[in-house]
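In this text, residue positions in the sequence shown follow the working numbering: the first is 1, and each later residue adds one.
Because the hints were derived from the structure by calculation, they are not lab data. The reader is advised that the hints may include incorrect statements.
[Claimed, not checked] Beta-carbon label-pair distances, calculated as ranges:
#1 A45 <-> E99: 31 to 37 Å
#2 A67 <-> D136: 29 to 35 Å
#3 N143 <-> L121: 30 to 36 Å
#4 D104 <-> P60: 18 to 24 Å
Since we're looking at a predicted model, the values are computed, not measured. Every residue, glycine too, gets a C-beta built ideally from N, C-alpha and C.
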Amino acid sequence: MHPKASDAGDPNLPRSGGTGSPHLLIVEARFYEAILDELFLGAAAAIEAAGGSWERITVPGALEIPAAIRIAEQGSINRANRVRRIDGYVALGCVIRGETSHFDYVCGESARGLMDLGVSLGLAVGNGILTVENEDQAWARANRHEMNKGAGAAAAALALIDLRRRFGVAP
1 MHPKASDAGD
11 PNLPRSGGTG
21 SPHLLIVEAR
31 FYEAILDELF
41 LGAAAAIEAA
51 GGSWERITVP
61 GALEIPAAIR
71 IAEQGSINRA
81 NRVRRIDGYV
91 ALGCVIRGET
101 SHFDYVCGES
111 ARGLMDLGVS
121 LGLAVGNGIL
131 TVENEDQAWA
141 RANRHEMNKG
151 AGAAAAALAL
161 IDLRRRFGVA
171 P
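Work the whole structure out from these sequences, hints included.
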């Protein structure tokens, strides 16, 4: 059964189980496998440290992440008892500048898509898509023992979930 269009993205729907522990979906564009492994480990650790749980899906590239989140959000709502299964989303990917303008389009459009999900639909989305000039910069931002942006994206999503709960728009 599919959710009604008016239900999709409705942050007021309660979560199934009513546990209060956040459940997040990690959406990865795994073009750079080793870098994404590191980002994922940081994100998963941050979610678990906050007492949350996670699921993980992959998409072909960074441009597909916003659409995948929208599809997952629509599918996470059980219309029969009006509960949501996913509290927030963590977007993980890595875009390294090449020789063409493709980098600029991918970076700008993926960021815009994620921002639209947050602003228009009120979804709790943490953006962990690295946009870097070279692989060294990517590793500096992915390393779990340095500035892991996967953990940062998970922390951002968790903070937005907490903010929604604080203002009464989620359990």
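Hint check against the structure, violated hint numbers in rising order
none
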